[in-house]
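Peer 1: Chain by chain, the residues run as shown.
There are 2 protein chains.
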Amino acid sequence: MSRRTVLGPGDDCAILAPSRSAQLFTIDSMVEDVHFRLGWGPPEKLGAKSLAVNLSDVAAMGGRPGACVVNLAVRPGLGLGFFDRLYTGMRALAREAKVDIVGGNVTRADKLAITVALLGEASGAVMRRDTARPGDEIFVTGTLGDSAVGLRILVGKLKAAGKTRKVLVERHLNPTARLAAGLALARLRPHPAAIDISDGLLQDLGHILERSRVGAEIDAASVPVSAEYRAVMGDDLSLALGGGEDYELLFCLRPGRSETELARRLRVPVRRIGTIVRGRRTVVRDSRGEAALQVGGWDQLRGRL
Amino acid sequence: MSRRTVLGPGDDCAILAPSRSAQLFTIDSMVEDVHFRLGWGPPEKLGAKSLAVNLSDVAAMGGRPGACVVNLAVRPGLGLGFFDRLYTGMRALAREAKVDIVGGNVTRADKLAITVALLGEASGAVMRRDTARPGDEIFVTGTLGDSAVGLRILVGKLKAAGKTRKVLVERHLNPTARLAAGLALARLRPHPAAIDISDGLLQDLGHILERSRVGAEIDAASVPVSAEYRAVMGDDLSLALGGGEDYELLFCLRPGRSETELARRLRVPVRRIGTIVRGRRTVVRDSRGEAALQVGGWDQLRGRL
Chain S
1 MSRRTVLGPG DDCAILAPSR SAQLFTIDSM VEDVHFRLGW GPPEKLGAKS
51 LAVNLSDVAA MGGRPGACVV NLAVRPGLGL GFFDRLYTGM RALAREAKVD
101 IVGGNVTRAD KLAITVALLG EASGAVMRRD TARPGDEIFV TGTLGDSAVG
151 LRILVGKLKA AGKTRKVLVE RHLNPTARLA AGLALARLRP HPAAIDISDG
201 LLQDLGHILE RSRVGAEIDA ASVPVSAEYR AVMGDDLSLA LGGGEDYELL
251 FCLRPGRSET ELARRLRVPV RRIGTIVRGR RTVVRDSRGE AALQVGGWDQ
301 LRGRL
Chain P
1 MSRRTVLGPG DDCAILAPSR SAQLFTIDSM VEDVHFRLGW GPPEKLGAKS
51 LAVNLSDVAA MGGRPGACVV NLAVRPGLGL GFFDRLYTGM RALAREAKVD
101 IVGGNVTRAD KLAITVALLG EASGAVMRRD TARPGDEIFV TGTLGDSAVG
151 LRILVGKLKA AGKTRKVLVE RHLNPTARLA AGLALARLRP HPAAIDISDG
201 LLQDLGHILE RSRVGAEIDA ASVPVSAEYR AVMGDDLSLA LGGGEDYELL
251 FCLRPGRSET ELARRLRVPV RRIGTIVRGR RTVVRDSRGE AALQVGGWDQ
301 LRGRL
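Those sequence lines, one after another, are chains S and P. Using the numbering used here, the first residue of the first sequence is number 1, and each one after it goes up by one. Using the numbering used here, the first residue of the second sequence is number 1, and each one after it goes up by one.
Just so you know, the hints here were simulated from the structure itself, not pulled from any lab data. What you are looking at is a predicted structure, and each value in this text was computed from that prediction instead of being measured. Every residue, glycine too, gets a C-beta built ideally from N, C-alpha and C. Do not take every clue at face value.
Stated by the list, open to error - DSSO-like, lysine-lysine: derived pairs with alpha carbons at most 30 angstroms apart:
no., chain 1, residue 1, chain 2, residue 2
1, S, 98, S, 157
2, P, 159, P, 111
3, P, 111, P, 166
4, S, 157, S, 111
5, S, 111, P, 157
6, P, 111, S, 157
7, S, 111, P, 163
8, P, 157, P, 111
Unchecked claim - Stretches of chain P that chain S covers, calculated by requiring three or more beta carbons in the stretch to come under 8 angstroms of a beta carbon on chain S:
no., segment
9, 16-28
10, 104-112
11, 163-175
Claimed, not checked - Okay, the calculated beta carbon distance ranges per label pair:
no., chain 1, residue 1, chain 2, residue 2, range
12, S, 18, P, 258, 31 to 39 angstroms
13, P, 111, S, 96, 27 to 35 angstroms
14, P, 37, S, 256, 54 to 62 angstroms
15, S, 18, P, 238, 38 to 46 angstroms
16, P, 157, S, 96, 44 to 52 angstroms
17, P, 75, S, 106, 16 to 24 angstroms
18, S, 96, P, 170, 43 to 51 angstroms
19, P, 3, S, 33, 41 to 49 angstroms
20, S, 265, P, 8, 27 to 35 angstroms
21, S, 3, P, 189, 24 to 32 angstroms
22, S, 170, P, 157, 47 to 55 angstroms
23, P, 221, S, 40, 37 to 45 angstroms
Generate the whole structure from the sequences, applying the supplied hints.
Peer 2: So this is what it looks like as structure tokens:
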């Protein structure tokens, strides 16, 4: 436990020391047979991912995660050994991210569900979704679509083998929240608008556009994809544009920063993928021309795995 | 939204202004067919109760609730009208308790589940479970067991009619968190040890005893029960001692405060039910003598509704 945690688990509430800076507060949940199936990977990765998806929200605002509480809905058939391993994975990531797990609640349910509420602290400026302006350049970290391909490999809708399969599945089961990149981004002036890509590039970009009341032009050819993605998907960018669960950062900056400079500051690959424009349309240009896009993306309410 | 909420729902995280005092952090969940059945009452009461059970945790530590995030696991068959009503009930209680609902997450599931993570602020001293000392007098607010009787009426295990039924069922569906009483308690010197009675009197007392490394002697005859409880249960105190979901406060004070003085300060009936003693045993005395009790209580992992 850090010095900020006055009292951890075991009382009605955890007690945290007063916070000097603005606080960030978020909640996210992973539900069996909606977000994951147990056979897909070890419980440790499931525990870590349940925290990582929340860390990603704090990263997107440029904050430092601090303390979380966990609600565990347990179902028959899962023993203590399973939950030991799940917590081991969550704790390991918590330690790495300097998060105290300060409390929790256990309930019965028909399906396993892990819900984490996370408190973070602003490191200075908070990056928001509503500050993108026409002329801003749009960047993303890392590569997109790997997790969505990995998911489809896990459910048998796409095929891959060897290292390709391993890399893509790992991106789905064990995502990395871009905490250090988020902190570095929040130090830039003027402050970027930012979001984490959890629902798919175009859908999350759509959240920025909606909150900022602007449009965007995206150059499909510049959307970064991995060699593994190419190996499975070829030139099909649909899962890079709309796949979801990437947990990369999308951010909008006044023009003038190069990909190289940003990659150096953020310590992660950065690609410029387009521009914020006036109006409310999203235009995606590809080699065949341009298309005004119906913004779509990973919609977990749409269908079952 | 209060002045503390800088940014509410709609971004990756909510933004809260820095807190001047220590913070309280807790999470609790209500799961369909574990904690409730939909036919039992209107969605508004379900929404309110999902927040109330968290408010009770903050009340037990003498804090003021401030902001919450809500995870809603929705299942097929429940329409928008249902969730409108659920949120209406939650929002009404939030307004009354001065809580901002600052963010949320919606996921699919097989059963409806409402998980609330709540942040509060200490109003000065924080009441904990680990500060009870031998010689302390043990008090409870309100009456105990009504909610457990109400639950058994709802599932058909007990029978009642008219106003009796209504009062008991209402205590189960629409519990009141003792926020004002908690704040008043936290102003007493020396600070009381306290807990909210959510798992049943003896089980929650057990948490205080365990954390404080002490024992207790309880006078069963002084455990407060309502006329409605008596009407259904007669002299059977089992549900007052071990029923659960009362959301009353149990607290331990140095001797010398009368029930009358405490009731005036807390603005709620207060009953002295026993004494903290050395050792680790819980002894419950009734008219037939005394019995060292196996501490038991509402254990939601034990069985289905």
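Peer 1: Now tell me if each hint is right for this structure.
Peer 2: Here is how each hint holds up against the structure:
Taking the CA atoms of residue 98(S) and residue 157(S), the gap is near 37 angstroms; set against the 30 angstroms cutoff, the hint is violated. Taking the CA atoms of residue 159(P) and residue 111(P), the gap is about 28 angstroms. The hint holds against a cut of 30 angstroms. A threshold of 30 angstroms between alpha carbons decides the hint, and for residue 111(P) with residue 166(P) the separation of about 27 angstroms falls inside it, so the pair holds. Between residue 157(S) and residue 111(S) the alpha-carbon distance is near 24 angstroms, which keeps this suggested pair within the 30 angstroms criterion.
Straight-line distance between C-alpha atoms of residue 111(S) and residue 157(P) comes to about 27 angstroms, which keeps the hinted pair within the 30 angstroms bound. With a C-alpha separation of about 27 angstroms, the suggested pair residue 111(P) and residue 157(S) falls inside the 30 angstroms cut-off, and the hint holds. For the given pair, residue 111(S) sits about 38 angstroms from residue 163(P) by alpha-carbon distance, which is inconsistent with the 30 angstroms threshold. As the CA atoms of residue 157(P) and residue 111(P) are separated by approximately 24 angstroms, the hinted pair is consistent with the 30 angstroms bound.
Given a C-beta distance limit of less than 8 angstroms, the hint that chain S covers the segment 16-28 of chain P holds, as 13 residues qualify and 3 suffice. With a cut-off of 8 angstroms between beta carbons, the segment 104-112 of chain P has 8 residues touching chain S; three or more are needed, and the interface restraint holds. With 0 residues carrying a beta carbon less than 8 angstroms from a beta carbon of chain S, the segment 163-175 of chain P misses the three-residue requirement, and the given coverage is violated. For the pair residue 18(S) and residue 258(P), the supplied restraint of 31 to 39 angstroms holds, since their beta-carbon distance comes to about 36 angstroms.
A beta carbon spacing of about 33 angstroms between residue 111(P) and residue 96(S) agrees with the range 27 to 35 angstroms that was offered as a hint. Under the hint 54 to 62 angstroms, the C-beta atoms of residue 37(P) and residue 256(S), about 60 angstroms apart, fit the expected range. Checking the proposed 38 to 46 angstroms range against residue 18(S) and residue 238(P) shows it holds: the Cβ atoms sit about 44 angstroms from each other. Between residue 157(P) and residue 96(S) the Cβ separation comes to about 49 angstroms, which falls inside the hinted range of 44 to 52 angstroms.
Look at residue 75(P) against residue 106(S): about 21 angstroms separates their beta carbons, and that is inside 16 to 24 angstroms. At about 48 angstroms, the CB distance of residue 96(S) to residue 170(P) agrees with the hint of 43 to 51 angstroms. Separated by about 42 angstroms at the C-beta atoms, residue 3(P) and residue 33(S) satisfy the suggested range of 41 to 49 angstroms. Range check, residue 265(S) to residue 8(P): Cβ separation about 31 angstroms, and the 27 to 35 angstroms hint holds.
Taking 24 to 32 angstroms as the suggested C-beta distance range, the pair residue 3(S) and residue 189(P) conforms, at roughly 27 angstroms. Residue 170(S) and residue 157(P) have their C-beta atoms about 50 angstroms apart, which keeps the hinted 47 to 55 angstroms range intact. Checked against the given bound of 37 to 45 angstroms, the beta carbons of residue 221(P) and residue 40(S), roughly 57 angstroms apart, lie outside it.
This entry does not satisfy hints 1, 7, 11, 23, going by the numbered hints stated previously.
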